[in-house]
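Go ahead and model the full structure; you've got the sequences and the hints to work with.
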Amino acid sequence: MAKLHSETRALFRGLAFVSPWLVGFFAFTLVPIAMSLYYSFCDYTLLQPPLFKGLNNYRLLAHDRVFWKVVLNTTIYALMALPLGMIVALGVAMLLNLKIRGLSIYRTIIFLPSLVPTIASAVLWLWLFNSKLGLINTALRVIGVTNPPGWLTDVHWAMPALVFMSVWGIGNTVIIYLAGLQDVPRELYEAANIDGATTLRKIWHVTLPLISPVIFFNLIMGIIGTLQVFAVPYVMTQGGPARSTYFYTMYLYDNAFSYLKMGYADAMAWIQLLIILALTALAAWSGKRWVHYQGS
Amino acid sequence: MSSFSTRILSGIKRLVVVALIASGLGLLAFGPRAGEELPKDCVIVDYWEKWTGDEEAGMHQIVDDFNTTVGRKEHIYVRYLSTSSIEQKTLVAIAAGTPPDVAGLYNQDIPQYGALDSLQPLDDLAAEHGITAQMYKKVFWDECHYDGHLYGLVSSAYDVALYYNTHIFRQSASALEARGLDPQRAPRTIAELDQYAQALDRFDPSGRITLAGYLPMEPGWYLNYTCIWFGGSWWNNAEHKFTFTDPGVVNSFKWIQSYSDRLGPTAVNDFRSGFGTIDSPQNAFLTPSVAMVQQGTFFAHFIHRQNPSMDGHWAAAPFPSALPNLRDVTYCNCDVLVIPRGARHQKEAFEFIAFVNRQDEMEKLANLHCKISPLAKVSEGFLAHSNNPYIRVFDRLAASPNAHPTEPIPILPEVNDELNDFEQQLQLQQVSPEEGLRQVQVRLQQKYDQFMEDQRQRRKQHGQTAF
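Taken in order, these protein sequences are the chains called A and H.
Numbering-wise (this note's numbering), the first sequence opens with residue 1 and increments by one.
Numbering-wise (this note's numbering), the second sequence opens with residue 1001 and increments by one.
Certain hints may be false.
As the list claims (entries may be wrong) - Straight-line C-alpha distance at most 27 Å; calculated DSSO-like pairs for lysine-lysine: (1) A:K53 to H:K1460; (2) H:K1138 to H:K1073; (3) A:K69 to H:K1447; (4) H:K1377 to H:K1347; (5) A:K53 to H:K1447; (6) H:K1138 to H:K1377; (7) H:K1254 to A:K69; (8) H:K1377 to H:K1089; (9) A:K53 to H:K1241; (10) H:K1089 to H:K1347; (11) H:K1073 to H:K1364; (12) H:K1447 to H:K1460; (13) H:K1377 to H:K1364; (14) H:K1347 to H:K1073; (15) H:K1364 to H:K1138.
To be verified - Now the stretches of chain H that chain A is said to cover, found in silico as 3 or more residues with beta-carbon under 8 Å: (16) 1109–1117; (17) 1265–1277; (18) 1403–1417; (19) 1446–1458.
If you're looking for bench data, these hints aren't it; they were derived computationally from the structure.
Even glycine gets a Cβ: it sits at the ideal position worked out from N, Cα and C.
As structure tokens, then:
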């Protein structure tokens, strides 16, 4: 009985210590999440009491042409930016893992773009992509491309331009890969060398399996990041030309804060959450086949 | 040794604690204070406004005028706060129940915020102050109303005309005269505008545009209202119906598309990609890359600020119409002062709004902003000393019966986005004007009907009067 009393006191003491976090979590995370779920079933303008409409927002979304457009755009962007970013980041990390002179300088150069604020880098790339005065088209003209594309003004090139730009900010991913690569035991490479393995075979049979948890982590973060792309296209293209770079989160934001359709935006947010959860679960399920944890 | 190092460590700890406490006390005693000393015997009216730079400085002068005159007498003090994203911040503040007493919104916010009961109707307060429709140019009085109620009063107003580069006109005199056009004046009809534009277009040997006579998409800020120069309208306010298939509307968009037909969509895009914003020396009219642009009264200020060498080398005239009997057509827009629902000092807030709408203060602000006065009565001094040398043209246009307000539609942000998308498709030749407008008509009417139905249900549920 005395022990139970003592455990209860310890529990309350512990709860008292974590109470600032608990209060913050309930007030600013859990309650808003629950309310957003309720509002997703309402017509809610933020300025008036919510009007319960059942599944109406979800029904309207199913027939909303712009909704399907942004779903398609976001899917295409994710399918292009995610693999490209992961492959390039892994390749760069492998290069930065080599024992060469000036390594710390190269690592710093690769990481630097990640430190540039998003809006600043978007403005910078606006000028780089400028079809008339931009550095990219100037370089293309120098090497003989007579009619370089209007990167952000052409419906066919605006999306690839944003994908291309996303690769610029891979510094964080590279650092995570690099940490994983440095954790690979040297003796496994030595054993592979004794077996006469080529560089490619060492990468395929030693490096990739051993850093697969890191690849898995970057995959999950990449899925979440690419499906929530917002700030860069919002600054650079505002969704244009002709909604070719109008993404899911941009439409969600417009519905919430421009059209004052907060309930509709909440429904979109929940669909987005479910999609991300489903894709994460799919990745986790597939990970059982290709992610190898050391010691397991 | 061990006890010595323990004593040292303990001393350092004490020193750090004392230093921290001393720093804290020092900050409390001598640290930064709110910059503004608020008078204790006054009601503080919080006023949020969107402007920065010169426009903010201009409004600051008016606020200071109020605080040192009427405010001092009535014991009201206006605390001015310049903030970005004014609509979103006002929206969240209203929802949270802590709005400012006065918010400086855009006139297009009035239908949306008014329909959502988030603004205080000002009809009674205006009547108490003797503020009536007769005091204003009709178009601006209309822009402050939604559903029969006055929801705001104007702070700063402008209308749209054709700015043209007289230096380029003179340089191209022979090309213009060869087409039977007068280089000494602006085009007077849309057909003439097209001829002037073609005569002024210049290309480099590879066929790239180097100078455009006119481009509807540059800056393209008023494309949604181009139909008014074609005698059309896309909104029937009596029946609450969109009329995008109106012949005037269709013809206006056909005309817009004719420019990308003639010059090529890619060529126009490439040409425009090098242009800067209105407040930059790379602006298309200032470089100069485009000889004629459709712009508001305030543009004169930007021309002078970004390229003073152009002073005296441009002129403004009414934007030409497509129909012979349609004269002095313009689109008008304004910034408005509103009292959000739940504001604590509504009477005091209106004292300030009424002060801004006095003729002397309004003309002072209009001059500082390089805009027109929304008031019906305009002093000769204002017209003679305005920073826009063509202020009389703009003033006449705003007073014309053909001056058009922003359409009073509560879903205006969606209308604008839908039209912007359509206009981009049109310019890229992805859709014909007829087909595009038919789609816009269907989509927007559905959205409007849905919005009104939701409002009806909400009012019914909450026991309020239906629309």
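These are the hints, each one checked on the structure:
| no. | hint | verdict |
| --- | --- | --- |
| 1 | A:K53 to H:K1460 | 14 Å, holds |
| 2 | H:K1138 to H:K1073 | 32 Å, violated |
| 3 | A:K69 to H:K1447 | 18 Å, holds |
| 4 | H:K1377 to H:K1347 | 26 Å, holds |
| 5 | A:K53 to H:K1447 | 16 Å, holds |
| 6 | H:K1138 to H:K1377 | 12 Å, holds |
| 7 | H:K1254 to A:K69 | 26 Å, holds |
| 8 | H:K1377 to H:K1089 | 34 Å, violated |
| 9 | A:K53 to H:K1241 | 25 Å, holds |
| 10 | H:K1089 to H:K1347 | 22 Å, holds |
| 11 | H:K1073 to H:K1364 | 21 Å, holds |
| 12 | H:K1447 to H:K1460 | 20 Å, holds |
| 13 | H:K1377 to H:K1364 | 14 Å, holds |
| 14 | H:K1347 to H:K1073 | 15 Å, holds |
| 15 | H:K1364 to H:K1138 | 21 Å, holds |
| 16 | 1109–1117 | holds (count 4) |
| 17 | 1265–1277 | holds (count 7) |
| 18 | 1403–1417 | holds (count 4) |
| 19 | 1446–1458 | holds (count 4) |
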